[in-house]
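> Read off the chains here:
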Amino acid sequence: MARSVTQQRKAINTAVAWAVGLLIFFPILWTILTSFKTEAQAINDPPLFLFFDWTLENYAVVQERSDYMRFLWNSIIIAGGSTILGIIIAVPAAWSMAFVPSKRTKDILLWMLSTKMLPAVGVLYPIYLVFIRLGLLDTRIGLVVVLMLINLPIIIWMLYTYFKEIPGEILEAARMDGATLKEEILYVLTPMAVPGIASTLLLNIILAWNEAFWTLNLTAANAAPLTAFIASYSSPEGLFYAKLSAASTMAIAPILILGWFSQKQLVRGLTFGAVK
Amino acid sequence: MYLKNAFGAAATLSLLMTSSAFAETITIATVNNGDMIRMQGLTDDFTAKTGHEVEWVTLEENVLRQRVTTDITTKGGQFDIMTIGMYETPIWGKNGWLVPLNDLPAEYDVDDILPAMRGGLSYDDTLFAAPFYGESSMIMYRTDLMEKAGLEMPEAPTWAFVANAARAMTDKDNEIYGICLRGKAGWGENMAFLTATSNAFGARWFDENWTAQFDSKEWATTLNFYIDLLNDAGPPGASNNGFNENLSLFQQGKCGMWIDATVAASFVTNPDDSSVADKVDFALAPDTGLDRRSNWLWAWALAIPAGTQKEGAAKEFIQWATSKDYIELVAENEGWANVPPGARSSLYENPNYKAVPFSEMTLKSILSADPLNPTVDAVPYVGVQFVAIPEFAGIASQVGQEFSAALAGQQTAEEALAKAQALTTEEMEAAGY
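Protein sequences appear in the order of chains A and B.
Sequence positions in the first sequence follow the working numbering and run 1 to 276.
Sequence positions in the second sequence follow the working numbering and run 1001 to 1433.
Since the hints were derived computationally from the structure, they do not count as laboratory data.
Just so it is clear, the structure is predicted and the values come from calculations on it, not from any experiment.
Where is the CB? At the ideal position from N, CA and C, for every residue including glycine.
Take the hints with a grain of salt, since some may be wrong.
[What the hints assert, rightly or not] List time: in silico SDA-like cross-link candidates among lysine to any residue, alpha-carbon distance up to 20 Å: (1) K1075/B / A40/A; (2) K1324/B / A40/A; (3) K1254/B / A221/A.
[Said to hold, decoys possible] Not close to chain B: a few residues of chain A, all C-beta gaps over 12 Å, as computed: (4) K10; (5) S262; (6) V267.
With the sequences and hints as input, model every part of the structure.
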């Protein structure tokens, strides 16, 4: 029997959910608001919430000083490229782990995840030296490969968890009908797993978009994405908070919009498997 | 005829090659501050004069430091010019990582560079980086609050006077705090201030044998004095305050005095940003009568990493950006108050610049800091607010945490000093000193 939920309880739940949501969103909201203030208003005490002289000056300054489109384009290629490449490699890997597991599958999964436990700076020098040798420093292809490798364990884990929920019998039936391995993965498994693949794709685009260690350390003038764009407006000696906020808003806007439109898939992807 | 044609072709080819080698694109890594951004805006002048294009990589100071250090130690070759400070230059120069700048032409007038800056950016008498701008630290104070307290700030005050004035100016009910000082942990934050301050109290980081000195009574006096002063007359949460936080407090009229970088003077006197712009005056950083003041010395300088393929173009850029003509160019476009200060003596002889309110005190502050003899007792190191050894940044960051925790009241000054002594000794022994 379903538990009856009173009107009052519903209202409380809604209010609490909104409060928590706003609390989490507040730093982003504050950044957006600050981007429309003057530098003096940005540091005003008490802080100004909505009643200040709204200005677009910071955006004008940022536009004039930096080539935003170049950073944006780099971000799109690096985040999109690394995610797609990751999915192409992860689908067959997750398929084999989900449907033809070996004795060591669980260990391999754990071992893959363990690579995420090492602080990135620990391998900065080796990777930097490899990049010098291969001529990959400050190239988009270099970053696509690195970010793909960093996110690959998460992509495989997510797809593996999702594939596990698909009955193996369906794939077996396809095989009995004469499907090759390639056809089985491409035409049977993938269409069934589209929601899972979509949410994995989205989450990884967000992770790659926000990645700020490798994208800052392996780029200079050519391949720098939006993380470098933000870093160029941060300053420990000088109050440029309003300009920094404008740059941050411009950097997060595309991914925020993407997240907004795809929130259904995202929530589903992040919570699947939670209730069976 | 054949020979003539061949010579002609060869001459044309070599001319083509020379001209294509001439116009190059150089990549410059730099920090985000007003002077550097202004330089980026004026790059067209350099391109017009030389034909070289410039790509800028602007990063936050700490990110930049990590980025250029990685690149230079691995010979990554990503940058043709790096913006580095007085701390890195002698260390990198000693390691042979930088191109010497001893062959600058006569019209560049290298002797015009302030001696303190030149000394701090050289190793073994070889200049390895050209100062773009230099800074020291000084007292910025509110003339109205000083008058209200019935005191008059001397040009070269003692710490006793400053402490007394700070307590007299404090009115916590109205959110007026007598003194704002750096408390945020970091080798370039609280440790820059405290190391410079400790010089005035007769303390030092190491003795001549590289033995840590945090167990000395001079360090105990320095740290206790600083903590007591900020507890009595500082703003709440001072252990979280760095340059920007204090600048914000000062601009809002909440600090009676602020001892920090001379470059802040142009911010606090700018009426667009500062509510107290017309009530600010300047004085030398305080001393305790031991012939050393509490001011530091720093320069952001341009250096060429060894191994760059574009050394010629990079040198041309450095000559342009740190020349007397560049100063004139900025003055023409942005006014004399915005020219990069602290690098050249001739700037301080310029009558237009002398009219800028903080110019004289900035120069006096720079001249009173001596990176080669920073302390009362002899030391084996160079550097006023830092020790120019590779291990310093790591050690001072940890010591900074301890001192910041002591200021926050999480431990006593004595406990912080004991920990600082232990960790410094351990790190230095591990490094083979």
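> In ascending order, which of the hints set out earlier in this document are inconsistent with the structure?
Going through the list in order, the structure violates hints 1, 2, 3 and respects the others.
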